[in-house]
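These protein sequence lines are chains A and B, in that order. Residue numbering for the first sequence is 1454 to 1841, as defined by our numbering. Residue numbering for the second sequence is 114 to 496, as defined by our numbering.
Hints in this document: simulated from the structure, not taken from any laboratory. One should not assume that every hint holds.
Chain A side only, calculated, beta carbon under 8 Å to chain B, not exhaustive [as the list claims (entries may be wrong)]:
#, residue
1, Met1651
2, Gly1721
3, Met1727
DSS-like mimics (lysine-lysine), calculated; alpha carbons at most 25 Å apart, straight line [unchecked claim]:
#, chain 1, residue 1, chain 2, residue 2
4, B, Lys210, A, Lys1514
5, A, Lys1690, B, Lys308
6, B, Lys405, B, Lys445
7, B, Lys445, A, Lys1514
This one's a predicted model, so the numbers in the text were calculated from it and none came from an experiment. Glycine is no exception: its CB is placed at the ideal position from the N, C-alpha and C atoms.
Take a look at the letters that make up each chain.
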Amino acid sequence: MAIPLSYVARNLWTRRLTTALTAGGLALVVFVFATVLMLDAGLRQTLVATGEYDNVVAIRKGAGTEIQSGITRPQAAIIETHPVVATGEGGRPLASKETVVLIALRKAGAAKPTNVVIRGVSQAGFVLRPQVKLVQGRRFAPGSTEIVVGGAIARGFEGVRVGERLRFAQRDWTIVGVFGAGSSGFDSEIWGDADQLMQAFRRVAYSSVIVKLRDVDDFERLRADVDADPRLTNEVKRERTFYSDQSRALSTFITVLGLTLTAVFSIGAMLGAMITMYASVSNRVAEIGTLRALGFRRGAVLGAFLVESLLLGLAGGVCGLAVASLMQFASFSTTNFQTFADLSFKFLLTPAIVAQTLAFSLAMGLLGGFLPALRAARLEIVDSLRSA
Amino acid sequence: MFLLRLVLRNAFRHRLRTLLTIAGLAIAVLAYGLLQTVVDAWYAGAAAASNARLVTRNAISLAFFLPVSYEARIRAVEGVTRVSRSNWFGGIYQEPKNFFPQFAISPSYLDLYPEFVLPAEERAAWQRDRKGALVGRQLADQFGFKVGDALPIRGTIYPGNWEFVVRGIFDGADSGTLTRQMMFHWDYLNETLRKRAPRRADYVGVFVVGIDQPDNAAAISTQIDAVFRNSLAETLTETEQAFQLGFVAMSDQIIAAIRVVSYVVIFIILAVMANTMAMSARERTSEYATLKALGFGPGFLAALIFGESAAIATIGGAIGIALGAPVAVFFKQAAGIFPVFEISSDTVALQAACAAVVAVAAAVLPAVQAARVRIVDGLRAIA
């Protein structure tokens, strides 16, 4: 027969201060654990949202990022006229020949400038990215020195309101609109006319060509043709793969750093749980003896103390998770090591993270409580009754 | 003396509990020290940079280059003693995870960096070999490079495969010098580009400028930028230190997060320590009442509790600080990404301060309670 749960719960309640301190320690570890996972999930979500599954990015072979890449005009023309590329109104291919460069802008309140992506797009650029929607002002007029800025740029940087001008490449660029791109990476970019930007930056080659496939399954055919064509020194990737490859280093860095920290911290918190549970056992030696004398078996006593420490872990887990869920209102922006440009993303709480976090907190409770529970179960009835 | 003995006896009454607390404290102090050192390591590039050197780059961003012809015009600016070219190469050695910085430099670069110590004969050998490369001691140790080794690198910014031969290994003048990098001839890069991609030839990533007086840095920077105002490639000149700090600033939110987390670990251990002290004091309520009945005042009881807390924190903190140095050495080898990873004396002081704060904070509540307990209630209390 098992010892009733109410007995276990009341034991924790009787020693409220100790329980609160131990659960507090566990909660802090859980908080760090959950925020790291949330940050990584937010980064992934941003990248998945950035890429459309039926879009394909062509860059120079081996370049890895658009900043390092170059595609000549003839090469771009070959790729955009490939038969698998979908056509839009007027039979024009749904392809955007883009030029991507970095400019240094100052974040609000920061002393040092940060690199921001400025992307020159063709007319089809907006059609290819349905997640990009204008929230203020208007689109840039084709062939003009007008630009539109992403939401994360508009919120985080100085001098980028509609009507203001940015000066770079010997020209003044008027900001005529702000676009929201949801949680995608485009939210951290500035867009303008590709040909104007190319002239201003004195480029002769595009950085990348983005095309929409007529059929999602045509990707392999396009890739085979691009690889086989001796005129093309390019490689094509699905847009989604392209963006997740680009942030792999940042994602790994966040995960490895965060989980290493959590592992170290959890040792501290588990020691705390162990101390509490040992005290809980040694204070109740006589009680344990009585329970055993009443007929509860060793297994039941072991179970009761394990449940107690699991409850302790759960309390810490729920508190830590509750605080961590508040982090969803914050956003995080940092330089992506691979693209060398600023990327802004949110903390994202997913059901999987909730489950992982609770499992983690229960595991800490279990590991911390196992040895003390074993000691409780091993007590001899006579000795423990006598100790009272 | 009597007080001290009583404190130590008390502290080790529950040997297991005290040992667990000490272990927890040691881990927390160690983790705090390592996190502080990670933040320091981030700034290592800036710390090693000099205020007596300027870096001139394209004003738009580092992704844009400057024409090589600017070199002569920068040298003509008053106060400039030396100008050297440097291009970030960004190549991959075998696999992307083997990342290390590679720079294409002109020979005068070495004169600008006296902290790179290179034997004269190796420098001469390097200068004779067009494909010659210099690698730093830290880099050479990591990958086992020796003089005469072939060093193939796959370019990302400059496409294709590039062949280099190690002609020299340079040491750092002091432990703060970053020698986890590779340098090779700018001329080799440029001549190859002339053949492969003529439009990209004759451009320089940044010019490193030596100046006569560090005090003139601001004035000379302004003069250099004035020379190129309204040209096709406007320049931005700043001291090397400011240039390096610009890189650090790009990941400032990550650094801020590490800083926050390093204080979280202190709170975790504070909770553990406060718990231990609260439990000990609770169990000894009747003892404290007895001491009071014997005539000891509340001050004595407070001293007893603070003393016990301080004893545990001192031992735990000392172990944590002592473990710092060996763990840092291990961490540096295991991670392999931080060229400088040493626990500074400031960090040790901060670690000690944290242990002290934890000791005091954990003892406050139990001490107040013990001082307040009424003799009758205390004697009646059962743990």
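Hints, verified against the model:
no.: 1; hint: Met1651; result: violated, 13 Å
no.: 2; hint: Gly1721; result: holds, 5 Å
no.: 3; hint: Met1727; result: holds, 6 Å
no.: 4; hint: B:Lys210 - A:Lys1514; result: holds, 19 Å
no.: 5; hint: A:Lys1690 - B:Lys308; result: violated, 29 Å
no.: 6; hint: B:Lys405 - B:Lys445; result: violated, 54 Å
no.: 7; hint: B:Lys445 - A:Lys1514; result: violated, 34 Å
Violated hints, in rising order: 1, 5, 6 and 7; the structure is consistent with all others.
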